[in-house]
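Quick note, the sequences are listed as chains Y and X, same order. In this text, residue positions in the first sequence follow this note's numbering: the first is 1, and each later residue adds one. In this text, residue positions in the second sequence follow this note's numbering: the first is 1, and each later residue adds one.
FYI, nobody ran anything at the bench for these hints, they're computed from the structure. Errors might be hidden in some of the hints.
Heads up, the list lumps identical chains together, so a pair's fine if it works in one copy or across two of them.
[Said to hold, decoys possible] 25 Å max Cα-Cα, derived BS3-like pairs, lysine-lysine: (1) 41 - 31; (2) 300 - 231; (3) 41 - 417; (4) 280 - 300; (5) 231 - 292; (6) 292 - 254; (7) 417 - 300; (8) 342 - 41.
None of these values were measured; they are calculated from a predicted model.
Protein chains: 2
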Amino acid sequence: MRETHLPEARLRAEKGRTVLQWRQYADACEKADWMEIRIQKAKPPAPDLRKMMVPLGPVAVFGASNFPFAYSTAGGDTACAFAAGCPVVLKAHPAHPETSLQVAELIQQALKKHDCPASLFIHLHDPSFELSRLLVTHPLLKAVGFTGSLTGGRQLFNWAAERPEPIPVFAEMGSINPVFLLPGKLAASATETAQLLAASITLGTGQFCTNPGLMIGIRGEELYDFMFTLKEEIDKVNEAPMLHEGISSAYTHKKNVALAETGMETLAIGRVNASLAMPKGLPEIALVSAKKFINSEVLKEEVFGPYSLLVECDNEEEMYQVARSLHGQLTASVFGTDEEIKNAVNLMDAIQQICGRFILNGVPTGVEVSRAMQHGGPYPASTDSRFTSVGADGIKRFARPVCYQNWPDALLPDELKESNPLGLWRLEE
Amino acid sequence: MRETHLPEARLRAEKGRTVLQWRQYADACEKADWMEIRIQKAKPPAPDLRKMMVPLGPVAVFGASNFPFAYSTAGGDTACAFAAGCPVVLKAHPAHPETSLQVAELIQQALKKHDCPASLFIHLHDPSFELSRLLVTHPLLKAVGFTGSLTGGRQLFNWAAERPEPIPVFAEMGSINPVFLLPGKLAASATETAQLLAASITLGTGQFCTNPGLMIGIRGEELYDFMFTLKEEIDKVNEAPMLHEGISSAYTHKKNVALAETGMETLAIGRVNASLAMPKGLPEIALVSAKKFINSEVLKEEVFGPYSLLVECDNEEEMYQVARSLHGQLTASVFGTDEEIKNAVNLMDAIQQICGRFILNGVPTGVEVSRAMQHGGPYPASTDSRFTSVGADGIKRFARPVCYQNWPDALLPDELKESNPLGLWRLEE
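Build the full structure now, drawing on both the sequences and the hints.
Okay, structure coming up:
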């Protein structure tokens, strides 16, 4: 089954990642730190108070287009919802319905094996807009997980907010993942930095939500050195397959819209491969001045694929203005020497305010599955910057606290019993 | 200054509570468990990842009508926002503008004493609808805290959701705090239970968001015994001052609307005190059948004051149906023997699903300021059931995680440095 043009290496990586997620969430369930258990024993007249997380209720998960495994049917959202104790209604992504169905069957087998009701996981195929609306507005649904476009995510958010009983929507949407290039660092390693970025921009034909779609540098010799190597590197990258028709045509379209903005120049372009069948994507790097960039909303939109825009600033003050003009991002990266970073107080502060993950001297692609990971960021990177969609803390999205007051030990849930029979992590005061 | 008719005892209690909150939030800041620090040291090729909470940004806090101190100018929302590192724009409640101004001046003095900029706290007086809208829709505002009516809270929520960049609104709104009375418990202690509830219903002239506005019992001798004592107790409670005109007239109006529903009877009524000046509130208990209650939306609305409705069920199944018909609540209480609670599996499950705090054999009034407290609940008790507005976990409402990737130790925020110079609680993996 090859509905999507997933190269073998990425297929393996994605499957491995999916398994890793389930293992980490299972481990998190054993420790239950996500449950935020707080115990305050009775101190008369104050009563015994014991708080823990309980499931929010049934969760609608929308399969992602670009990750048929790790962010879809048995992806992070489904694993987190199950870990929190919530049933899942999964809407298969129309780009890989057969893959989704096969994965759903595996989930059903696993439920059966563990004597869980089959209704804990419902798999829906209908790609219609109407089904999405019905799901999000259904009174029994209590939360929504989504990875995809800004338009799609915002629509789900709006429907959920307009309900008689509003529910949370965790939509991970667009991000251009800005990379700030400070001159001292480029003076020391323009070539290596350009090589790193060229590889990150074209990794997986650019089909990662953490793809570095924006680079910001300060006009000068170091930046020209960087540009020279970047061009050299990109020029030799071949046009490559993309996952499916939808992603490929959206890439070309969005790229052309961006390139049509005034002041845009092409800096580098990959090797056309006419013999390669569609869907495919041709790497491209554009160049624009900071002034043009700051005033263009179009240039701040994600172009999903192997594309990046280099913004040339006159000085660090202008770089700061670029940072201030950006919307929320999943990640932001800075290449700088320790000295440069220490001195750029305002710039670093402005960058921290717009991102969920803040990287020094590294590229944003590569998202570790870890409790220390934050995958999410201020709007529009995600609809709720207070939560992550990668790592065990993602479980918290689908749970809410309940405080048990004055319960006799025998009647308390096991999680809260005095003897801690499940061996959970608890905070006792 | 006595803008509001706050009896001395309550004034002292409320001031004490306000101080207690600030102390607990200060303590929470020292430990910083709310920061959810997660450290994963570099395991090449995996990079060093360190996650902590950072402030969301400026927070708008709306002073509450019923708590001039503990839920207003220097109340829990302000303390939590400051603890998270967020500036506060406070909108004074029109019922106590002078109190609010004096408290605001104390905050300004404290800021000055600690060399903090005065702009960390802005105090606004304008009671207009338009100011509320401007605040919630202001692009620099990043979150909203509110305690008040469902209509008011939902309006703020809607404005926030319709923004180009939606922001979270933490509105604590109506709750009728149902109390389920199981027959075995009443058979053993109908009198004590009725005395407890009568005191809870009339405490502070019923002006607490955790006031028990609904009791549900099963027709029978035990319930009649309970009703007899409840009537006896309420009949001797005097009509008493309420905080201000607005609360008092809303109480009388909402009570009359409820009493006008078909099938409603008055079970007990307090002692009229004609010589007492307005604003005041007369205690009253009404009685209705489960069938009428289940089908009435009006009877499920909060009547803020010393009023409660007793719902008579034919049997436990009908009591379960009542529980299923309820909206989200701050609290729910059950009076039952251990045996009864163990056996009422479906009922207990249905109750847990609608409440934030679940009390056994106790009344809901009295909200401890503690990490183990949950003050919040499924909609419409609050707009976001995943957070509390009482206790140090309330700080989490105003913060979001940022992951620092690949930072040299010297450049990391102190909270994340390898030597843990601030001595914070951290999870290292």
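Tested hints:
Within a single copy, residue 41 and residue 31 get their C-alpha atoms as close as 21 Å, and across copies as close as 20 Å, so both meet the 25 Å cut-off. In this assembly of identical chains, residue 300 and residue 231 lie within 25 Å of each other by CA distance solely inside one copy; the values are 22 Å within and 67 Å between copies. For a Cα distance limit of 25 Å, the shortest separation of residue 41 from residue 417 inside one copy, 11 Å, qualifies, whereas the shortest one across copies, 34 Å, does not. For the identical chains of this complex, residue 280 and residue 300 are intra-copy neighbours only, at 23 Å inside a copy versus 58 Å across copies, given an alpha-carbon limit of 25 Å.
When the C-alpha separation of residue 231 and residue 292 is checked against a cutoff of 25 Å, the pair qualifies only within one copy, where the shortest distance is 22 Å, while the shortest distance between copies is 76 Å. Only within a single protomer do residue 292 and residue 254 lie at most 25 Å apart by alpha-carbon distance; the minimum there is 18 Å, versus 58 Å between protomers. Within a single copy, residue 417 and residue 300 get their C-alpha atoms no closer than 52 Å, and across copies no closer than 34 Å, so neither meets the 25 Å cut-off. Taking the shortest alpha-carbon separations for residue 342 and residue 41, only the inter-copy value of 22 Å comes in at or below 25 Å, while the best intra-copy value is 46 Å.
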